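Here's the letter readout for the chains.
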Amino acid sequence: MSGGRSAMLRRVRAALADVPADERPDDVPVPRTYRRSHAGEDVVGLFADRLADYGAHVSRTSDPATAIAAAVTRRSVGSLIVPDGLPIGWLRPGPWRVLRDDPPLPVAALDGASGVLSTAVAGIAVTGTLVLDAGPGQGRRALTLLPDYHLCVVPAARIVGDVPEVLARLAPDAPLTFVSGPSATSDIELDRVEGVHGPRVLEVIIVDDGKEPPA
Amino acid sequence: MNTPHDSVVWLGVPAFPEAARSALADTRLRANLRKATGTIREKRLAATGELDDWEELRAAGAAIKRRVLRHLDRYLEQLEESVLRAGGTVHWAADAAEANRIVTGLVTATGEREVVKVKSMATQEIGLNEALAAAGISACETDLAELIVQLAGDRPSHILVPAIHRGRAEIRELFRRRMGDRGRPAPHGLSDDPADLAEAARLHLRDKFLRAKVAVSGANFACADTGTIGVVESEGNGRMCLTLPDTLITVMGIEKVLPSFADLEVFLQLLPRSSTGERMNPYTSMWTGPVAGDGPRSFHLVLLDNGRTATLSDPVGRQALACIRCSACLNVCPVYERTGGHAYGSVYPGPIGAVLTPQLMGVGQASSLPFASTLCGACYDACPVKIDIPEVLVHLRAAEVDAGRGVLPKPEALAMKAAAGLLGSPRRLAAAQRAVAMTGRVLARRGSIGRLPGPLARWSATRDTPAPPPESFRAWWRRTHTGTSAAEADR
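Residue numbers (the numbering used here), protein chains in the order written: chain A, 240 to 454; chain B, 660 to 1150.
There could be a bad hint or two in this list.
What the hints assert, rightly or not - A few chain B residues facing chain A, derived, Cβ under 7 Å:
hint	residue
1	Glu-715
2	Ile-723
3	Arg-729
4	Ala-794
5	Ile-796
6	Ala-811
7	Pro-853
8	Leu-927
9	Pro-941
10	Thr-947
The set of hints was computed from the structure by calculation and includes no laboratory data.
Since the structure is predicted, the reported quantities are computational estimates derived from the model, not experimental observations.
The beta carbon of each residue, even a glycine, is placed where N, CA and C say it ideally should be.
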């Protein structure tokens, strides 16, 4: 079989000989009668429930700085990665060492850190999903991947109902990561084990003050 | 390690009827399969039942795939343009050999001798690991189940949970004996608790992730309008491979393209709920070309044909290319549940494998597979993109029968001819029924016949035949309603 781009495209066209030459993609109807959202009124409450359902630790607060300090203390975190752009004042000084990714930390340092504190660009209530887009307060993807503890602080205003709503808001040119609970496997006799390669503990604090965080 | 499959079909394995017979005798395998498929079936029903518009989502998913397949050339060109615009490189591979040559060349150019891999059906299909090994490059599978399969020198038996045929005690032994050969050995005193086994895999693979310079992945979706590629997973091994290395090579079947990024709103609902029965899988990664300062610096997309255009050319069989590899059809299939995946002798087992494998390879290469089904239709009901698998199975069976015409007639064709003669005349039918009723009573044990005599034995080897009643319905009717004796009625 001859390779190359034009030969392959030629074979595709030959295979589609039964498709009328004047048919356009839009002539094939796609019924979009499904819901934009399966969430009810209480989107934030649903988000918290669904996150907890998949094994994340969830709390709601109007005072993020206190909640973050309490969480980090409870976990006895020794060193915490803090990406650029996280709201000033979220992390108080404490007995933990703060690691900034500027200049970029080597992978060994990321691997050795006890945790990472980030925000998320959005949350999806129905699926209990955090959406990371490597934007402010999230950093490059490796930061929220290698440490074993991920503390993610999400302003309630960023939580949307369902998958279609969140995709409409996202810019796909940024690398996107959807996180739904801690990493998990069911590969051995279908027993669910939480914590394989990604962070084994996912903790989420929902900031419920009805405002976007101060920059 | 040398895994013995060469491409879609594992050459040298017995055809389905023979392979199924030995699988059916393996009671351990059957117990594992029953538990696994039953568990996933229940989870899936709960997850899909939560959405009251599940049928609307299925209809949309099916329609989007139909649109893509009918205009695949256009979408592939658009995808290529988008990926190039985002800074990626696109390669076109007509078959397995060409795809393997491209990937091997790309890895060799980096000077690396080791690659990490995300679970990928496409790279299994082309036998990439073996091709890389032949070039002195070792490929490390990082999905837990794929790692188990790789350490065992084994074959995957399920699309979603490839090591479904292995129990925890076997896996512990495998880790203890084999992990050390490929890197960090299993910890001392490793138990067979799945949590401990997962921890051993975490430690073993972490070293590899931190060192890796080249990763190979498959793709669940590729959006033509933006060039965005998506990979869904659970363990985080995908994120590691997609994020840490300098070079990322993604091998993707040409049918995986979607018209637009917005279409993900349908598939990111259909796939996790249909596959693992979760509202959303733990991790979904999407990227659009390489990003400065975050993740791989170079990104290569290999577009794979390998029999897909041949499949596309059949307007009935074409729909099999809509498959999103969720594996729901395996878990609901009464045949799969009893035989497991290995009996299908293909990277793609179960109902979807029975329609995909013969089409990708040509019917002659896997002629028994379209018959490995009861045509009960459970797969069609479960399919999130509404592939009418029974329709394609019947279509392929017809193609297989047609392929046998013209030369010596097969026993099946002779039997059909004989049946036509019998059924064409009431007198001949009645005579045959009387004969069968008499011999049937001699052969039957507890109401059924295990083995038929003569050439019929081949048919009865895998089926029980109900013992024929002493009297046919027509004879009974005449006797009870017209007063004539059975013997007279049949004349």
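Now for the hints, and whether the structure bears them out:
Given the 7 Å rule on beta carbons, the hint for B/Glu-715 holds: about 4 Å separates it from the nearest Cβ of chain A. The criterion of a C-beta within 7 Å of any C-beta in chain A is met by B/Ile-723, whose closest approach is roughly 6 Å, and the hint holds. For B/Arg-729, the shortest C-beta to C-beta distance to chain A is roughly 5 Å, which falls under 7 Å, so the interface hint holds. Because the beta carbon of B/Ala-794 sits about 19 Å from the nearest beta carbon in chain A, more than 7 Å, this interface hint is broken.
Restraint check, B/Ile-796 versus chain A: the minimum CB separation of about 21 Å is more than 7 Å; hint violated. With a least beta-carbon distance of about 13 Å to chain A, the hint placing B/Ala-811 at the interface is violated under the 7 Å criterion. Hint status for B/Pro-853: holds, given a least beta-carbon distance of 4 Å to chain A, under 7 Å. With its C-beta approaching chain A no nearer than about 5 Å, B/Leu-927 sits inside the 7 Å limit, and its interface hint holds.
The criterion of a C-beta within 7 Å of any C-beta in chain A is met by B/Pro-941, whose closest approach is roughly 5 Å, and the hint holds. Satisfaction of the interface hint for B/Thr-947 is found here, the shortest Cβ-Cβ separation to chain A being roughly 5 Å, below the 7 Å cut-off.
Checked against the numbered hints above, the structure breaks hints 4, 5 and 6 and satisfies the rest.
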